[in-house]
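> These protein sequences, in sequence, are chains B and U.
Numbering-wise, my numbering puts 102 at position 102 of the first sequence, and it's gapless, one number per residue.
Numbering-wise, my numbering puts 141 at position 141 of the second sequence, and it's gapless, one number per residue.
For the record, the hints were derived by calculation from the structure and aren't laboratory data.
Backbone N, C-alpha and C define an ideal beta-carbon position, used for all residues, glycine too.
Pulled a few chain U residues facing chain B out of the computed Cβ check, cut under 8 Å: (1) S187; (2) S315; (3) K316.
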Amino acid sequence: MRHVVSILVENEAGALSRISGLFSARGYNIESLTVAPTEDASMSRMTVVTSGSDDVIEQITKQLNKLVEVVKVVDLSEAEHIERELMLIKVRAGGKEREDMKRMADIFRGRVVDVSDNTYTIELTGSGAKLDAFIQALDQSAILETVRTGASGIGRGNRILKV
Amino acid sequence: MDRIRTEELSGAEIVVRCLQAEGVEYVFGYPGGAVLWIYDELFKQDKVRHVLVRHEQGAAHAADAYSRSSEKVGVCLVTSGPGLTNAVTGIATAYMDSIPMVIISGQVPTHAIGEDAFQECDAVGITRPCVKHNFLVKDIRDLAVTMKKAFHIATTGRPGPVLVDIPKDITAQRHEFHYPDSVAMRSYNPVTKGHAGQIRKAVALLQEAKRPMVYSGGGVILSNASAQLRELVKATGFPCTNTLMGLGGYPGTDAQFLGMLGMHGTYEANMAMQHCDVLIAIGARFDDRVIGNPKHFAQNLRKIIHLDIDPSSISKRVKVDVPIVGNIPDVLKEILRQLEAPKADQAARPDPLRAWWKQIDQWRGKDCLKYDRAAKIIKPQFVIEKLYEVTGGDAIITSDVGQHQMWAAQFYKFDQPRRWINSGGLGTMGFGLPAAMGAQLANPGATVACVTGESSIQMCLQELSTCKQYRLPVKIINLNNKYMGMVRQWQQFFHGNRYSESYMDALPDFVKLAEGYGHSGLLIDKPQDVEPALRQAFKRKQDLVFLDFLTDQTENVYPMIPGGKGITEMILSEEL
Ligand SMILES: Cc1ncc(C[n+]2csc(CCOP(=O)(O)OP(=O)(O)O)c2C)c(N)n1
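Excised from the complex, chain B in its bound form (with noise of 0.2 Å):
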């Protein structure tokens, strides 16, 4: 089963490579990983997408709680909570398509943020099944290139994650 599990970690060098190493190490997927520092510098928040059976996700909540400059570990698929991904994709946006293009980035809320004379760069926010859902929908040789960053995730309501 898919699982999100949210990391936080002391900001220093060689946390994330003591992360990603432990999921290669140990055997253990990572769909995405997503890091950026918090509102406190000297701490990061890390969003870890992976799979695996009820104790494989044990093992991995386990080992990373391990790790010493690991702080906090939620498994945030455990109960009620949001998941965002940024998506930047650039389109063949000339002529007769440069009009669908932006009808259909409208329809997903996107918003185009670069244009050139053939081209829109659209920046679209959401769930990763939505971000599919905008490829999928799109004349897939129009597209030039795209960019994830993958899930971050937080809590709903009144579940937080802090020291």
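Given the coordinates of chain B, work out where chain U with the ligand should sit on it, guided by the hints.
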């Protein structure tokens, strides 16, 4: 007072002062460019003594065994690049067995890092998967506190090796020295107190058990819990088995001890593991060499209580019913306290364990460690039995890896912890001799013997020279079967007797070799000479003696659970 505290010292002096503050007696190491300033400071003082090994692998093993055989922390010092990479096998060995140890490695100067400088390697990157934690010190202001953290992390929670990589320029810079008394780390707070509710559940299970079993591992040794383990086993009348890493945790000569379990464990221990109704696992991790195939182990219904300091050891290979994370001695004390109040109906029942012990005695009746005592060639088991007799069961035994290791584990009865020093997790050939050096230095008056094979001993043979320099009177018990015996055994059982590359041709004359290093050696090739040779050697308290026993080349270790099989699917000796 303040002036002393804020004295300006070089980074190298700070390193040495930190070691002094930690009460470090010995540093096992080997010099080189990146650590010259540190060696310079070692030279200027005499509190911390340096032991010059002949290969950095030896330094790491010696520091490791220094830890294992005492309650102190082994420290090892190596230079950058090849110095560090040579030590990696030793670091990984310590990591797999959770041994507290601090490794200091030199690094190229900070400005040269990343430029493929001479003798540069990414020490932190290379060791990351085989240390509990590691640090690269990039700022001299962090040096003392990093050293403190290294010792703190190495020794607390589930112990392990910690590496501190120090660039050469940092050792030359100057900064005021203050060694903190303690460190607080928000990201590192190992749980030590067992959960009260879980302990209550465990006690209830133990009181109801009809076929109980105590299974303990290296965690009991590492946490110094053997007194409490003994009390528990005695108070309950339960049978007890130890893993390869746990030997000595419970007295090997006690009637309630069923011997070691696992791949080469006794018939009775493995059968009791499978057929018990309540199992209490203490500081052990159900690894593949212990319970074999977990699917087979799951066939039999039993309740499992698992006590360990490391949450990730629990339910990793085998699902358990009552997990207890905590410091083993404290949890055992609490269990014992609660067991004191036996259930009201307990006294009224006839001895509830009688049937279970009867069954165990039947299994014991197999005499699974039996071998041909009348053989005309030296049987390796016989050498270990004699070694046990001659040393009064009171020696520290280090071992290498192979058949000899298993025979030592099976036939030397360890009554006390920290007497059996072997590489159980990584299985590192070459461990035995440097380990004996570390054990001897940690226990100066003790009798130390290294049980080894003609293949293993050659992997760190150069340390014979170190033994000479520091007058380490270890006794080397070389069970020489001219084969990588354990490899040969697997080839016999599972590869149709095709002995591919497991014969050790062109062996040296070990007696002459020992003599070449300034020691003495004895060649023993008849069973009747085994005991006299051992007596003669162990009488020589000041000398290293290399005993080269020519043993039966075809002998196998029994019982044996083939890889991937279940714990009761043992191959037994033809003798039976
Ligand atoms: C460094 C290393 N290389 C290879 C092995 C694989 N291995 C395990 S036991 C063994 C043979 C050991 O032979 P020897 O030291 O003569 O002991 P014996 O089994 O004959 O008692 C080998 C090669 C190992 N454990 N360690």
